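As given, the protein sequences belong to chains A and B, one line each in that order. For the first sequence, the positions run 88 to 149 when this note's numbering is used. For the second sequence, the positions run -9 to 349 when this note's numbering is used.
None of these hints come from the bench; they were simulated from the model. Computed from a prediction, not measured in an experiment: that's the story for all the values here. Zero decoy hints are in this set.
Lysine-lysine pairs mimicking DSS-like chemistry, simulated, CA-CA at most 30 Å apart:
| no. | chain 1 | residue 1 | chain 2 | residue 2 |
| --- | --- | --- | --- | --- |
| 1 | A | Lys95 | B | Lys289 |
| 2 | B | Lys193 | B | Lys313 |
| 3 | B | Lys313 | A | Lys95 |
| 4 | B | Lys184 | B | Lys77 |
| 5 | B | Lys193 | B | Lys77 |
| 6 | B | Lys289 | B | Lys184 |
Which bits of chain A does chain B cover? Going by a derived footprint, with three or more residues having C-beta under 8 Å, they are:
| no. | region |
| --- | --- |
| 7 | 90 to 99 |
| 8 | 105 to 111 |
| 9 | 123 to 130 |
Ideal placement from N, C-alpha and C gives every residue a C-beta, glycine not left out.
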Amino acid sequence: MGLNDTTKQSLRGRSIPEIEIDQVSEFVRYIRNVDQFPEEVLAESPNLRFIPGYGHGNGEDI
Amino acid sequence: MTDRENQGTVIEIARRIRMDETTAVAVVELCLRQIKKVNPILNAFVEVFEEEALQNASIADAARVSGRELGPLHGVPVALKANLDIKGRLTTSCCAAFRNNRVTSDAACVERLRAAGAIIIGQTNMHELAYGGTGEVSSAGPALNPWDQSRNAGGSSSGSAVAVASGMVPAALGTDTGGSVRIPAAACGLVGFKPTINSISTKGVMPLSWTMDHVGPLTRNVTDALVVASAMAEEGSPLAEGVRVGDRYRGELKPLKVGFGRIPGFEVDASVGEVVNEAMEKMQQYGYMLKPFNLAYTKEAHVSWLSIMYSEASAYYARALEKHYEEFAPSVRVQLEAGRHISSVTYLKAQRFRTHYER
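The shape of chain B in the complex, shown without the other chains:
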């Protein structure tokens, strides 16, 4: 299920289209073929925009022939998690209570992707309301891990990770509040990261926790992740200067200082530790300054995160929960109900602790 020999990376696809070695239509057709082949088994997509994607690919090809300036993602198919608004489509967050939630405009990050030339190919499965890390709870049923279908794909951006790992698309977007891009990236063998807060707008993202939600990319390599994230970044943010970050990698700017946090008394799996150590050695070889530190107050951090997420999610979904209790999955509605019983004092302290912890 991870056969993707005909697929390229984001960078390769964009370059080949630009150099007239392939067309956006051909790339989209390749993705659609792979989706038809494996999606019935893996359940990564909740909706595929076949006709619209082919039409937009055709427009992209015409733009290239006419000599118009091309964006960094020109003709590259991208899949979007089901909590990102797409004009004229349903945003459900894979929750039955929102099955009729048709939206009238694109999320800010989707607007930016389109402006960069990306072709939106479909909407991906997710853990309901992004309220879980497995992808197993969804009104569309679980997305399966393409490497081993007996295992979950990680979540909440499960479908986006499965779509990229199984070669259905070269890149997809997820959202991350407490690991929802990073967990499925790890479970499916991909690159995914949670960009610095506010560097990518969350306008038009169906929220879980509006002060902690982030949009992030899922790709097959680091460069692709940088290119996709940079294309969505707000002007003035370091992420928008993705190319300059690339210069830094090549040693043309002062190397970054990288913090390396440990939790005292907490041991990682030996094979994981080995890979992390190797990565740190390489970073040092490239001149990065590694700064080890011990993470403190980890229990408080966990409780603070939960308090903020529960309070904000419950506030946002309060009316929907009252009206449609039965249409939320039991594990989700229990958390939504719990958030209604957290005091404002607890929420405020949690936000203040979070600010201390982020320093």
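In isolation and in its complexed conformation, chain A is listed as follows:
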């Protein structure tokens, strides 16, 4: 899914050319595929100081 109409409209409001809005939308559509990552390839990252499971119990509540 690329940019929605509301976002496109706000870019038009900033006088961004239509061709660039289309290109932005295409980039965003491609990148949003990242949400398809399977859980088994997501690790703790030192860039985020992410601590999986911390305080989450068995995860049923989240």
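Fit chain B to the supplied structure of chain A, relying on the hints for placement.
What follows is chain B alone, placed relative to chain A:
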């Protein structure tokens, strides 16, 4: 445009200066002559520090005569990509929006180069903000490939590669976030590599993606690349022990294990495959342990890399983009705008995937 018969390698130049066979001033003058001859055609440099380089070369020669201890790059001219801070100079990343960005201190890697005795001779052209792999998009105009001027030089460290390949300097620095040292090195027939993250500080590098940016050397041979990179390396990193790595090459330490990744279903050009196979055979002859493996999740890796780079670049340049939209090249500002529409969840997942992938 690749005539460099009067030029030596980093190692040769440093040795000749040390042995009093030449002077730093003579070497810098040779480089300046070549720059004047070919740079008007190839557009590798955005600024040449002629007076300052000659002055520093003269100081370097005086230091040698006085018997002071000399660094590994004593008197060796080095060019720097235009996104590396040089005290008192402009850091523009070849983007018109930053044409007045004068900085007050050296980047950490530049400090280290100077401490090793290098002479900073000028600043090189690049793909705007390092946001592209061709070198064709730059406020200074494109740098041209010295082997064939109808082709691009590769990027984003285009000017650094062109400067070394055409004999204007024996070594130059680039930065690499997704190939920006390795692509121009390949396109211009040089050695360039992306050192292990954090082994060379990126403090004072105008960022593209602060968690993925690297500083790397562009040289004419492997030994020169090792010497230049080692001179910039953070203490305690394996790269700082460049000499010990050299010992390893000579078989004095246990040979390294080298991974050899393939992407299933992806075939390289036959001539490239041949060279890679030859290199692997030689490595095996020297006792290296080659470990082939298949790269998985390559599409996810690409999207993860883009998500991180887009998010970080857009966060860093958000204010500048709002104030100076017209002063960014269209292909760059489109990517900067795209990064503003990536969710934090996507960014976080991309960082987590990256960590998994690096293992």
